[in-house]
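Protein chains in written order, with the numbering used here: chain A, 1 to 425; chain B, 1 to 425; chain C, 1 to 425.
Just so you know, the hints here were simulated from the structure itself, not pulled from any lab data.
Ideal placement from N, C-alpha and C gives every residue a C-beta, glycine not left out.
A portion of the hints provided could be inaccurate.
Said to hold, decoys possible - The following label-pair restraints were derived from C-beta to C-beta distances:
hint, chain 1, residue 1, chain 2, residue 2, range
1, A, Asp152, B, Ser377, 52 to 62 Å
2, A, Tyr248, B, Lys329, 47 to 57 Å
3, C, Ile404, A, Ile393, 51 to 61 Å
4, C, Asn259, A, Thr350, 16 to 26 Å
5, B, Ser377, A, Trp407, 37 to 47 Å
6, C, Ile404, B, Lys420, 50 to 60 Å
7, A, Lys417, B, Lys420, 25 to 35 Å
Said to hold, decoys possible - Straight-line distance between alpha carbons at most 27 Å, and here's what the computed BS3-like set of lysine-lysine pairs gives:
hint, chain 1, residue 1, chain 2, residue 2
8, C, Lys401, C, Lys415
9, C, Lys401, A, Lys363
10, B, Lys49, C, Lys415
11, B, Lys226, C, Lys363
12, B, Lys49, B, Lys197
13, B, Lys167, B, Lys33
14, A, Lys363, A, Lys314
15, C, Lys363, C, Lys380
16, B, Lys314, C, Lys380
17, A, Lys232, B, Lys420
18, B, Lys420, A, Lys314
19, B, Lys49, B, Lys232
20, B, Lys27, B, Lys62
21, A, Lys401, C, Lys57
22, C, Lys232, A, Lys420
23, C, Lys401, A, Lys352
24, B, Lys271, B, Lys151
25, A, Lys197, A, Lys151
26, C, Lys417, B, Lys49
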Amino acid sequence: MIGEKIYDLCRELFPINRSLTGDGVRKTLNILKRELPELNIFEVPTGTKCFDWTIPKEWNCKEAYIIDPDGNKICDFKVNNLHLMGYSIPANKILNFEELESHMYSLPELPDAIPYITSYYKQRWGFCITENQRQNLKDGEYKVYIDSTLKDGNLTYGELIIKGESKEEIFLSTYVCHPSMGNNELSGPTVTTYLAKYIQSLKNRRYTYRIIFIPETIGSIMYLSKHLDTMKQNIQAGFVLTCVGDNYSYSFLPSRDENTLADKVSRHVLKNAVSNYTEYSFVEDRGSDERQYCAPGIDLPVCSIMRTKYDEYKEYHTSLDNLDYISFKGLNGAYEVYIKVIEALENNHTYKLTVLGEPQLGKRDLYPTDSTKDTWSIVKNMMNICAYADGKIDLVDIAEKINIPIWELYEIIYKFKNEKLLSIV
Amino acid sequence: MIGEKIYDLCRELFPINRSLTGDGVRKTLNILKRELPELNIFEVPTGTKCFDWTIPKEWNCKEAYIIDPDGNKICDFKVNNLHLMGYSIPANKILNFEELESHMYSLPELPDAIPYITSYYKQRWGFCITENQRQNLKDGEYKVYIDSTLKDGNLTYGELIIKGESKEEIFLSTYVCHPSMGNNELSGPTVTTYLAKYIQSLKNRRYTYRIIFIPETIGSIMYLSKHLDTMKQNIQAGFVLTCVGDNYSYSFLPSRDENTLADKVSRHVLKNAVSNYTEYSFVEDRGSDERQYCAPGIDLPVCSIMRTKYDEYKEYHTSLDNLDYISFKGLNGAYEVYIKVIEALENNHTYKLTVLGEPQLGKRDLYPTDSTKDTWSIVKNMMNICAYADGKIDLVDIAEKINIPIWELYEIIYKFKNEKLLSIV
Amino acid sequence: MIGEKIYDLCRELFPINRSLTGDGVRKTLNILKRELPELNIFEVPTGTKCFDWTIPKEWNCKEAYIIDPDGNKICDFKVNNLHLMGYSIPANKILNFEELESHMYSLPELPDAIPYITSYYKQRWGFCITENQRQNLKDGEYKVYIDSTLKDGNLTYGELIIKGESKEEIFLSTYVCHPSMGNNELSGPTVTTYLAKYIQSLKNRRYTYRIIFIPETIGSIMYLSKHLDTMKQNIQAGFVLTCVGDNYSYSFLPSRDENTLADKVSRHVLKNAVSNYTEYSFVEDRGSDERQYCAPGIDLPVCSIMRTKYDEYKEYHTSLDNLDYISFKGLNGAYEVYIKVIEALENNHTYKLTVLGEPQLGKRDLYPTDSTKDTWSIVKNMMNICAYADGKIDLVDIAEKINIPIWELYEIIYKFKNEKLLSIV
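Could you build the full structure based on these sequences and the hints that come with them?
In structure tokens:
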């Protein structure tokens, strides 16, 4: 099961402290490059203008902790990188308990969880702690030590272009800016890595695949600002891969348009491949890089197939979204669904019957010769292809019309094309 | 409350005997001109051709009554002008009870009501009486006296054009042809008068407003026959104001097209501003001047927002639709709804975000600085404007899409325009 | 009742052994030509290419039976032509019971029925028998005798063109290739014959009618291959007439497009003329010549109004679909529905009101002068014609919009046209 390998990669990447920028991102991308040697890693300097935004300073941290009044080291960044608020500025000071409190974050409703907090665009520092631990802190003097740097540097991202027969592209985008958490986000870049391996293994690849590993929001804005024209011209369908690791449910977030090819294929695959799924609303529930890819004037056909969606599980953005929250099976299920989506896209054409009236299938030995319980459904599917391959609707539409999974048509299409009964419009 | 002033105007206009033509209409329009000095009053001569119709003779009446066998004066026009059938020809004769009966109208199912009856296009005379009074009439000789005139004259109407920045027009049409009745019709011209005052008070008025006070049917046909080209070219949305005076319900009658801008804005305002309303069907329920404005080849975007719709309350077209049937609150509610419609039309544009990708709202101090329970909804609305101001759908569509009242977006739009984040398409 | 005459024609045609080709078809068409002297009968030689198909050899049979071990003649073709598998090759041999078994067809679930079986495109022979009779056969030697011929010849079909004012055509297609069965198929050609008589009787016939009597599948493919261009250019609506003889239900099978004029009119007529009907799905339920008429690239607007649909009644394709299964009333009902469809098509135009605003109906004496309970509905229908005859939607659409049967509008349309109030767009 590929899910095991994906899980192993998650485990390897888990301890690294990722953020919008910094060495954690570089380290993560280098590990992915080991898996995908053709991955290109790029650096974009601080201060670079990207549409309405600017690449921020690069943030790195060597060490961070608090010494409590009894001399114990708590909130140690080395123990769990979630303890330190992302983008915390350096600090080295003595504070009393009250002063410290205004820099501490915990979740009373989830007392065992360290929350994940960042402050990208406002310079400050903070520590995250479980509510249970916080309740045990006592009055007295605390020493705060943060050995971080926030200075001009780069934003780092990875890009893998896998060429196909056509310049038309399928786009996969995932992010690498969260520290040690499982579903959101390590499931995203790891499943994407294994999808990239699968795509590379395809013979007669029809589409070119554009696959990027970026920091969320600023990364997608930066990437769009560099490649918008090409992307608008070529991308036929795109997907934000995030929250693809747990085994609890399937979710679908459509594009802003709601009815692009990406949306149509996603819904068709989910409807036919998994027992049930929740369709969310772009209006109400969007929250990741589809916000940028679908923004007015950008208008890319990008949606998101997920397992349990961000913001929809209590462990989200806490230390409880860990390696236990995700699973072999969860990762594998998402991987399989995306494979089916890719297969559907690769096989989806608008076909037109080359003969007028029904073809005489008998004289071509196209009827199944055995008589199993599937025979009738194969004949029915063949006749339906004859009736609906009218050069106007594509194969996904036909599959929807005749209410069967598109993958049950691939072999018929193959045989019909061999018999020159179908042409591609 | 404006409703009180509107009610006072109803009270002043109530006693006047209005009809399709005649001095009652002139008197009514002169009182409205006192309120709206820029109102222009026009006269159209009897015999003027208007599409398939002809302006009828002018009708006036000084006195009308019946003397019963006991010498009592009954059905006195001076006591209640509904007693005389509209457009009754002169009469001065003695009849027996049986002969009189064929000229009398009453409502057995509403025994205390004098019905409102007219005979515009067939020359005859008649009296209207409560069923209770009719039951007490006895055999004997009755003297009938009607001092009316029906001769060449004019049809009188009022027109007020309030110029705006654009030649594009909003159209308000109401009628002044019913004698002493409250909801249908005095609520119509009085609410329209106060809306006209409101429109005159607007600074930076975007639209030009065409507001007319006409007799029903023949008046709208006449007005269309004079102004059709201009109206078809300029009118963006129009409304027939009638039955806007009681406090029992809200009603909506769409245009024939059912989906014009006028319909869209009306439904949006009603859905968000009043607790509930009934949408009627143009096919089944039309009945006033929208029949002309929406006729084939005329095709104006005209609908009607009402309180309790004509034909849908038992007091309709009787003496029971009096000053007690309408109320301050009823008139005020309709006035407020129409104000919201006008505001929505004035603010409705197709906006386009000027930046690609989401704008960085933080650097522009556009996030609310206080943290009230509304803060999140304001941020959400801002982000939704960023996502949906795509230059394709208008602000009403966005409000519908994100399911909030359009008026909650006005301030955001204002701030975004100030920051040059939005342009008007 | 026309149904009786149609039934008599069924009875006359019933005994004839029809098949894809052969003298039974000729005999049938000659009887129809007696009813419709202008029917043209055509012969298409074996081997003629028709799109992807080829006209098969002509099959005829003089005699066929089995002699059982006791010397009894069973499965005698002269007693019931269903006993012989259609297109059986000649045979004259002695077989034991076991050998015979592989050539025998019966229906265990319908033990009194002789099934109807053919083998058009694979050369073999067979006999059909009731399950009850089959159970009584015993071991021993059987003599099989089939005096059939399968050799180059012709496929025979009939065509009747009834000219109208326009070159635009209504198309009726029915088939004449089944031996002695009632609903499927004799009801089809017989109802079609009487519809043709009705159409010939029409004065001022608007459409040209193309009416064909063909063998199923190969016949429609052959006919299309000869006339496709003309048919695509002219046919406005078409119908496959089959299964129009029983009295149990009404059925509708739409065209592949599902929303052609033929579909729209059929649904409107069925909805308003019969108490209820079943709409089948082209995807799931198609099965007759609409498969060819609606094939990709052919795309004719052809649907099918039926009584109980083929495949939906247990007697289908057995000896139980006999003259008892169909009835006067059943045939008559289908005939009446098709008459209403033809009337609707003949009367359906896109009308446009010639005056602007509502016409003044009073001055033209168009209001009903009597006051019956229908008066108000006639006035309402007149006003609705005035409101919706906008030159954009046709009369069927108007009837649907105002929710009345189209036939209640014919007289109003007639009067309005007389008054020059309507023009045809």
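List, from low to high, the hint numbers that the structure doesn't satisfy. Hints 1, 3, 7, 9, 12, 14, 18, 21, 23, 24, 25 are the ones this structure does not satisfy, whereas the remaining hints hold.
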